[in-house]
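Enquirer: Chains B and C: place on chain A using the hints.
Protein chains in written order, with the numbering used here: chain A, 1 to 346; chain B, 1001 to 1237; chain C, 2001 to 2290.
Simulated from the structure, these hints should not be mistaken for laboratory data. Note that beta-carbon positions come from the ideal geometry of N, C-alpha and C, so glycine has one too. Any given hint could turn out to be false.
Computed spacing ranges between beta-carbons, pair by pair [as the list claims (entries may be wrong)]:
hint, chain 1, residue 1, chain 2, residue 2, range
1, A, L154, C, V2148, 50 to 58 Å
2, B, D1108, A, Y319, 38 to 46 Å
3, C, F2003, A, A168, 53 to 61 Å
Below, simulated SDA-like cross-link-like pairs (lysine to any residue); rule was C-alpha separation at most 25 Å, straight line [to be verified]:
hint, chain 1, residue 1, chain 2, residue 2
4, B, K1008, B, Y1234
5, C, K2084, B, W1013
6, A, K141, C, L2248
7, A, K139, C, V2252
8, C, K2277, B, L1093
9, A, K141, C, V2247
10, A, K117, C, L2281
11, B, K1156, C, T2161
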Amino acid sequence: MTANWANKRGVGAGALLAWAGLALLPLIGFITENTSFDYYMYMGQSMLIYAIAVLGLNLLIGFNGQISLGHSAFFALGAYTTAILMNFGGWPYWATLPIAALVCFLAGLAFGFPALKLEGHYLALATFTLAIAMPQLLKYKAIAGWTGGVGGVLLDKPDPPEWTGLSADQFLYYLCLFCAMSLFWLVFNLLRGRSGRAIMAIRDHTMAASTMGIDIARYKTVAFGISAGITGIAGALSAITVAYVAPDSFTLQLSISFLVGLVVGGIASLPGCLIGGAFIVLVQNSAQSISDWMKGTFALRYDVPAWAIYGVLLLALMYVLPDGIAGGCARIRAWWTTRGRREAQS
Amino acid sequence: MVALLEAKALSAWYGPIRGLYELDLVVEQGGVTALLGANGAGKTTTLRALCNMVRRAGTTTFQGVDISRRSTEDIVRMGVAHVPEGRGTFVALTVEENLRLALHTRRDKAAAMRDRDLVFGYFPILQERLHQQAGTLSGGEQQMLAIGRALMLAPKLMLLDEPSFGLAPLIVREIFRILRQINEHEHVSMLIVEQNAALALDLADTVYLLETGKVVTSGPSALIQNDEALRKSYLGY
Amino acid sequence: MDFFIQQIASGLTSGAIYACVALGLVMIYVSTDHINFAQGEMAMFATYLAWAMINAGVPYWIAFGLTIAVAFFGGLFIQRVILKPLEHAPVLALVVCFIALLSIFNAIAGMIWSYTIKQFPSPFPSHDLFGNGLVSVQQLGVVGVTLVMLGLLTVFFRFTTLGLAMRAAAQNPASARLMGVRVAWMLALGWGLAASIGAIAGMLVAPIVFLDPNMMNGILVYGFASALVGGIGNPMGAVAGGFIVGVLENLVGSYVIGNELKLSFALVVVVGVLLLKPAGLFGRVIVRRV
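So here's chain A without its partners, still in its complex pose (with noise of 0.2 Å):
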């Protein structure tokens, strides 16, 4: 599961079209008449969000070869961090940011280390435990004085510049625009980079890295401080854009579905996150018009809900499609061009 990207100079320029295209979504609100747009605005804002939260996971688990079901934990821990910032110290929303950031890379370190001695099974197991834990942490009423406790904290949205003329949900689209395009093109060049490959070689041959002389302890641990930072800002940025943050919206659910936007968009692969961020946003918009699709069509008698969708769909892709989207797109294009190479053959 090499990344070929990886050795190309430069960012490809079906990349560079892709974001071009992203940043110029939002101003096709100055010229529709559409009431929907801002809410297509907020939308656009979630697959962001998502798709930077799965890249935060996809450097683990894609990258790295370890596994966490508990990310929903580190996306928590951003958005309370941002929000206790915003309520109580008075922080303007930006530069929560960058401590949120900070604050779940210590706590992504701080559970790598004791990760280290945890493989596979076990390693899932204890991300799992992390991820049941969060909410009732979350509630619990010591710290309920910061936290909210099951209320949660509900927060002011932050207003658009008035020089930029664009509307509060537009602003904040670009907003995540920006923070995904910084992050993408930080793990990018992160992934390029002698780190990069040592993170990689870590998860194709461990003992061979290790002979190599790369330093497993500290690529383990680094890798999962800087995934646990990247869906932390996704957090964060989550806190920000609806403005509201509660205990319930972080449960193993969440993780979840990270881990469903991860393999749809196909593991170890960057494209694949912003298809990844896109269809968990898109699955759960639409839960209830493919439920009542079903129920038409297969003459059910109960809704059938998001999650029933999601799991069939994590199982089917397990045997057709492991590597997700991004990844079939690239075996279709691998079986495109060498078709030239066997007709000649034959």
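Expert: Same frame as chain A, now just chains B and C:
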């Protein structure tokens, strides 16, 4: 003589790597057949291919029945006992449990218990260590246990993969002596893979010589033993 | 002192439930080397089936038995049909599979029976055993059922040939095949048994915590903790671990950190055991001589 096990055009692969090239092999009823050859010649691969433990092609018949498509466990239940490379001991189980496992496939429990006494007759040390964890047994004892497990299956054919591996010469000689007894008294035919050519030639009636997945020569063991050129070039002595 | 005894009794009762869940987990781990994250949801689903039967008028113990049977075949089916094709897949794919099963069971239960909590009947009368408010018949019943089940399983694995075949298949599948053991079916059997044990756990706990699709999440985590404490390869250890964790949880909850951080306590136990003594208290170290 009647052919007990017969392989025609047997090929085998480990993933994309081919190990056997259209081998022909016959194990006669009642006799001991040896497969000899250098490291990597394909001896273990042959045994595995016969039991369908690796990807294979060709036809294998046992007692006239085609077993090419049967699963390993079904082939075992038909009367083929395979003593694998490395003994295959159930290290976490006791000696008693290692042997008792055979009852899972034996209908006649009384006969199985009689066979257990038989095993103790050949290998009294196993009875001494009956309730000991099998992983704590010495190499030689584990080899005896492996043969004992095979005997408990009341097989018609026993496949043995390098029974002398890693054992002291005295113990090896003892084991081969017992194998000869098992062959003669229990009427168990044998197919033995061995690196120790001298021992194998002594025990076997028929010999196949393998090199890089093909049969180089075959024949009665006396003939091979007396062919000095053959011995020097393929068996190194 | 009374309060202490009550906490112990209550701890042993929860401990019995954890022990059941842990047993199911150990069973699957021992036969397949996998950790079944869907164990809790499978148990919950089976309990809902029991509830549906009882609601339809089926007498309790018949519903109990039928549910165990259905769970057994369900577990068998899941292993043979859904998991077998992935048996050589990397760990991540398998973990994703278990999570998928978890989601599906949870969603379907919520879909069919909704998320409102329901009452589940208990076969044990709810009065006190000694009339002094310390131990109830219910609690004793739960512990009793667990111990009986443990006894049956121990006898099965230690003294029957089939049990031996299952152990052999789990420890050394290649050698087991060479002894004529149909390894694939042994794995399926392990799953069937684990599913049945889980169903029993669900039916024992439902009267106490009320039936709802998310009831097993917290309990599953405690089940993990118990299995790890006892030694994940060891059925008796799982049960001992269950009781230990149950009592500890109650004591720590009552005297130290309050009842609100119980899940964090489970997290500490899980991570602690994995780091300090991964073999657990009773895990055996196997000696291998070449």
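Enquirer: Now look at each hint and say whether the structure bears it out.
Expert: The hints, checked one at a time:
1. L154(A) <-> V2148(C): 50 to 58 Å: Check passed, 53 Å falls within 50 to 58 Å.
2. D1108(B) <-> Y319(A): 38 to 46 Å: 44 Å, holds
3. F2003(C) <-> A168(A): 53 to 61 Å: 55 Å Cβ-Cβ, so the 53 to 61 Å window holds.
4. K1008(B) <-> Y1234(B): 24 Å, holds
5. K2084(C) <-> W1013(B): Distance ~23 Å between K2084(C) and W1013(B) Cα, so the pair holds.
6. K141(A) <-> L2248(C): 22 Å, holds
7. K139(A) <-> V2252(C): 19 Å, holds
8. K2277(C) <-> L1093(B): Cα-Cα ~23 Å, so holds.
9. K141(A) <-> V2247(C): 24 Å, holds
10. K117(A) <-> L2281(C): Roughly 18 Å between the alpha carbons, so the hint for K117(A) and L2281(C) holds.
11. K1156(B) <-> T2161(C): 23 Å, holds
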